[in-house]
Amino acid sequence: MVGNTCVCGIVVGPASARRPVPSERLGLSLLNLDLPAGAVTFAGRPSVAVPCPRSSGAAPRPPPGATTVTSSPSRSVSAPRLLAPDEVPESAGPPPVGGTPAASTPARRGRRARRIGVRVLSLLALLALWQLAAAAAGNPSFVPAPRAVWDQLVLLSTTHDGIRGYGGHLLVEHLGISLRRILIGSALGVAAGLVLGVVLGAVPWIRLVAEPVVTFVRALPPLAYFSLLIIWFGIDETPKLWLLAIAALPPVAVATAAAVHGAPTGLVEAARALGASRWDAIKDVVLPAALPEIFTGVRLAVGVAYSSVVAAETVNGVPGIGGMVRDAQRYLQTDVVVLGLLAIGLSGLLIDGLLRAAETRLIPWRGRV
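Per UniProt numbering, the very first residue in the sequence shown carries number 1; after that it's consecutive.
Derived by calculation from the structure, the hints in this document are not laboratory data. The beta carbon of each residue, even a glycine, is placed where N, CA and C say it ideally should be.
Derived DEER-like restraints, expressed as beta-carbon distance ranges:
#	residue 1	residue 2	range
1	307	227	14 to 22 Å
2	105	358	20 to 28 Å
3	146	208	48 to 56 Å
4	360	125	26 to 34 Å
5	316	111	44 to 52 Å
6	157	199	45 to 53 Å
Based on the provided sequences and hints, a complete structural model is requested.
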């Protein structure tokens, strides 16, 4: 209200647009403003308050070339107040931590606790069944009890009566040497499988020639060609690493070839149309799309290498967890055999968990279109 007149509009001019702009967009309350003309600026331009008598039925016409913002004379419109860039609305609560509502945190913790509880209960049930089987067999050389395996774990992890572990090496040393062999052999097999899989998936005539050979090698058990590797490379570390590498190569090659061959054709053609070379299309389009299946092949390859470590250490495998298992089998030390198998399995679970964590971190688009 300015004196006995009301402000029915703000003239911002001159402007090219002549259509009225709603007052809600401006964030200003256009009625009941006790402001002189020219006191309000909008976008750096002075505003002009146009008075209109209450008794008059129509407001004065604004000057030509000006943009007029009108409001209804029958009711007062209270538009929202303009906020500063760093100001937070009063109705908005505190921002969620990490982008997750606070209410979902207890539910997530509850689900995690339930999963842990189910796994602990399943482990206890498995131990109970194992104890029952050992009691029913009545022969520790056939089915050792869990307590006997635990005693062997303590003996092989320490030095007793001048005897250090098994064969002069502690259990952790046996496991570490086997893990080193698995790591080197798996790395060689995965690297060769990636290169071969990309070539098989990208070049049709090479896939036609080499795919039956890869399938043939994948069908062979490790012991079938380990004797040949011993003849070629002797009984040192070389045949063991070759065995693990050959065992790990086919899963990665098959998974990579299938993923590269099934890459989205539309994206590849779009990249080529934009000027990308064939290698650029493979590097920037095909491989990112194929990474989920490639990681699945890597996990399978590591699993195959783990299952082949006992075969790789059948000859001159001590120290090594597979060589320890083979040596204990000759002397009917079933508790040592079971302990070695548990060590291989638990370390395999740990490595697979690390691979899954790396997959989740490196491939966040897995499962999303």
